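There are 2 protein chains.
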Amino acid sequence: MKLTILGCYSATPRAFTNPTAQVLETKGHLFLIDCGEGTQVQLRKYKVRFSRINHIFISHLHGDHFFGLPGLISTFRLLGREKPLHVYGPKGIKEAVTLFLKLGDSWTNYLLIFHELESKTSELIFEDESITVETIPLQHRVYTNGFLFKEKPAPRKLNIQAAEKWEIPRTQYGAIKNGADGIQEDGTIIRNVDLTEDPPKTKSYAFCSDTKYNEEIVPIIQSVDTLYHESTFLESEAHLCDKTKHATAKQAAQIAKISKVGRLILGHFSTRYPSIELFKEEAITVFPNSELADDGKSFEL
Amino acid sequence: MKLTILGCYSATPRAFTNPTAQVLETKGHLFLIDCGEGTQVQLRKYKVRFSRINHIFISHLHGDHFFGLPGLISTFRLLGREKPLHVYGPKGIKEAVTLFLKLGDSWTNYLLIFHELESKTSELIFEDESITVETIPLQHRVYTNGFLFKEKPAPRKLNIQAAEKWEIPRTQYGAIKNGADGIQEDGTIIRNVDLTEDPPKTKSYAFCSDTKYNEEIVPIIQSVDTLYHESTFLESEAHLCDKTKHATAKQAAQIAKISKVGRLILGHFSTRYPSIELFKEEAITVFPNSELADDGKSFEL
Chain Z
48 MKLTILGCYS
58 ATPRAFTNPT
68 AQVLETKGHL
78 FLIDCGEGTQ
88 VQLRKYKVRF
98 SRINHIFISH
108 LHGDHFFGLP
118 GLISTFRLLG
128 REKPLHVYGP
138 KGIKEAVTLF
148 LKLGDSWTNY
158 LLIFHELESK
168 TSELIFEDES
178 ITVETIPLQH
188 RVYTNGFLFK
198 EKPAPRKLNI
208 QAAEKWEIPR
218 TQYGAIKNGA
228 DGIQEDGTII
238 RNVDLTEDPP
248 KTKSYAFCSD
258 TKYNEEIVPI
268 IQSVDTLYHE
278 STFLESEAHL
288 CDKTKHATAK
298 QAAQIAKISK
308 VGRLILGHFS
318 TRYPSIELFK
328 EEAITVFPNS
338 ELADDGKSFE
348 L
Chain Y
48 MKLTILGCYS
58 ATPRAFTNPT
68 AQVLETKGHL
78 FLIDCGEGTQ
88 VQLRKYKVRF
98 SRINHIFISH
108 LHGDHFFGLP
118 GLISTFRLLG
128 REKPLHVYGP
138 KGIKEAVTLF
148 LKLGDSWTNY
158 LLIFHELESK
168 TSELIFEDES
178 ITVETIPLQH
188 RVYTNGFLFK
198 EKPAPRKLNI
208 QAAEKWEIPR
218 TQYGAIKNGA
228 DGIQEDGTII
238 RNVDLTEDPP
248 KTKSYAFCSD
258 TKYNEEIVPI
268 IQSVDTLYHE
278 STFLESEAHL
288 CDKTKHATAK
298 QAAQIAKISK
308 VGRLILGHFS
318 TRYPSIELFK
328 EEAITVFPNS
338 ELADDGKSFE
348 L
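Respectively, the protein sequence lines represent chains Z and Y.
The numbering of the first sequence is the numbering used here, which starts it at 48 and goes up by one.
The numbering of the second sequence is the numbering used here, which starts it at 48 and goes up by one.
In short, the hints are calculated from the structure, not lab data.
Misleading hints may appear alongside valid ones.
Identical copies go unnamed one by one, so any copy, or any two together, can satisfy a pair.
[As the list claims (entries may be wrong)] Each computed DSS-like pair below joins lysine-lysine, with the alpha-carbon atoms no more than 27 Å apart: (1) Lys49 / Lys149; (2) Lys307 / Lys204; (3) Lys92 / Lys344; (4) Lys197 / Lys344; (5) Lys297 / Lys224; (6) Lys304 / Lys197; (7) Lys149 / Lys138; (8) Lys149 / Lys290; (9) Lys149 / Lys167; (10) Lys94 / Lys212; (11) Lys49 / Lys212; (12) Lys149 / Lys259; (13) Lys204 / Lys304; (14) Lys149 / Lys292; (15) Lys290 / Lys130; (16) Lys297 / Lys344; (17) Lys138 / Lys250; (18) Lys290 / Lys199; (19) Lys94 / Lys290; (20) Lys141 / Lys130; (21) Lys199 / Lys297; (22) Lys138 / Lys259.
Computed from a predicted model, the values in this text were never measured in an experiment.
Build the full structure now, drawing on both the sequences and the hints.
Below, the structure is given as structure tokens:
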């Protein structure tokens, strides 16, 4: 899994800070998560091969998370896209985007499929043979979801040396790869686990922006490898969290700690602070393995 | 009049080329003309004091001319704007923008007034004591207007030396400023023109993007000081003009020539060409006083 941050600042786009968007590369997919204004320019700037994006996940319908979507969809059309594009986001997103396209008489010449979300509990919204995507209901000023990306375990790998040692007939190798035990010529059973190796460890990534401090998400994101959690404010501005329904760096770290995640990435920074290093300094006092997102930064997960 | 180009490239925004937007500063106004995605970032980049923008003119509802509008309107809200904002654009613009704001539960806390346009003939859409703005109906794939900005002449200036020479009583000075003739003590009339000076020459600016070659606009833009006319293509791609309803640099120059304008500024360049200098080279063969727009470039008109 590789995560590239295209934008991780809150509210308005500025010359050197971009609103939320990121791409997650995993198992042959290039998932786009949120799409603030200017996302298509950021995709070009960081040389993301964005024709590979087939699935876009929108957390909520505030401008800094989706005003770049009509433009990206239009650009796909201008670039001659033919593959279907799936957009997952809050109810209303279909009407808004299609109205913009209709006004410009700019219908896509590819299939544009909206998956509108309105559930207040976590639901599975995407699944294929290698990965699942589930929603993480968040508490913000408008209906908002985070997204949990979980790789599925690959099949166990046949250990040929073990199979030969135990004199398992080659005709059984296919069945063993699919989970069957081995049977020696005399009928003795050799357990599958003794004939196969563990597949590579699966990875998981949870994206949680924007939200107030909310422990209800803990069971959903429990033990994920990497958690991206918003930290719009520092504790010195904690009094703004109630009204704006945002979190502080310390609160993000607290969620990371009680969820026992492997790593925390902080983002959605207010631009009121002189340096984003302050967010890390605050978070590591609670959760040492905290890192900072920044526009253009990539993480190997 | 001062014109600042924020973006002058066609179709999709890229790392170093921006879609159409420009600001015209005249008579205390800062008019924004078109608002492609990323316009608010360009406004910041070129240090335009954009809280001074009270009137936005949108030519048509293709993405590269208006997808930056919801973001700019939202940013005005975040910056605490209180003054009303007037938006002039094709019918449908109000529904589209308000839907985007509604979805984000982000109503403006200032008055947002839409002036929807649907006339196919030129109409006066803004007027105050110093300037008028009229539409220039263009021929594009969707309903499109250019905009003609014309300063009104200032009052004639009293020539005090002349008034003293002709021994005109001071009590008449106010009336003379307002156009009255002077009357000497013996009743002799001195013509107003001999007692006053011409006011500064008024300026006019015509913005025409996007459009195919269309001589119907000539009577409207006749003799303007500066014409911005789209030149998406060079003559080598003239065969694309019919389908896309765009113009070449040579066609733009032809319109400038028969309209007897003072200066032509070319823009809306397709990014397919290695250099925009090619547009100027083509245009000056027909209309010598042709110049190139470019992102960030300012013109004193």
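* To do: Since the copies are identical, ignore which copy is meant and state whether Lys141 and Lys130 lie within 27 Å (CA to CA) inside a copy, between copies, both or neither.
  => within (18 Å within a copy, 32 Å between copies)
* To do: Evaluate Lys49 and Lys212 at a C-alpha cut-off of 27 Å and name the case that applies: within, between, both or neither.
  => For Lys49 and Lys212, neither the intra-copy (38 Å) nor the inter-copy (85 Å) Cα distance is at most 27 Å.
* **Alpha-carbon proximity context of Lys149 and Lys167, limit 27 Å** => Cα proximity of Lys149 and Lys167: across copies only (20 Å, versus 31 Å in one copy).
* From the Cα coordinates, with 27 Å as the cut-off, is the pair Lys297 and Lys344 best called within, between, both, or neither? -> So Lys297 and Lys344 pass the 27 Å test inside one copy only (22 Å; across, 45 Å).
* Can you give me the call for Lys197 and Lys344, within, between, both or neither, at a CA distance of at most 27 Å? => within (22 Å within a copy, 49 Å between copies)
* Alpha-carbon proximity between Lys290 and Lys130, which holds within one copy, between copies, both or neither at 27 Å -> between (42 Å within a copy, 25 Å between copies)
* Check Lys199 against Lys297 for me: Cα-Cα at most 27 Å, and say if that holds within a copy, between copies, both or neither. => This pair counts as neither: shortest intra-copy Cα distance 32 Å, inter-copy 59 Å.
* Asked: For the identical chains here, do Lys49 and Lys149 meet the 27 Å Cα criterion within one copy, between copies, both, or neither?
  -> neither (36 Å within a copy, 35 Å between copies)
* Under a CA distance limit of 27 Å, which applies to Lys149 and Lys292: within one copy, between copies, both, or neither? -> Classified as between; 18 Å across copies, 34 Å inside a copy.
* **Homo-oligomer pair classification [Lys290, Lys94; C-alpha up to 27 Å]** => Neither way: Lys94 and Lys290 sit 38 Å apart in one copy and 31 Å across, limit 27 Å.
* Checking Lys149 and Lys290: alpha-carbon separation at most 27 Å within a copy, between copies, both or neither? -> For Lys149 and Lys290, only the inter-copy Cα distance (19 Å) is at most 27 Å; the intra-copy one is 36 Å.
* Go through the copies and call it for Lys94 and Lys212: within, between, both or neither, with a Cα cutoff of 27 Å. => neither (49 Å within a copy, 75 Å between copies)
Hint check: violations occur at hints 1, 2, 5, 10, 11, 13, 17, 18, 19, 21; the rest are consistent with the structure.
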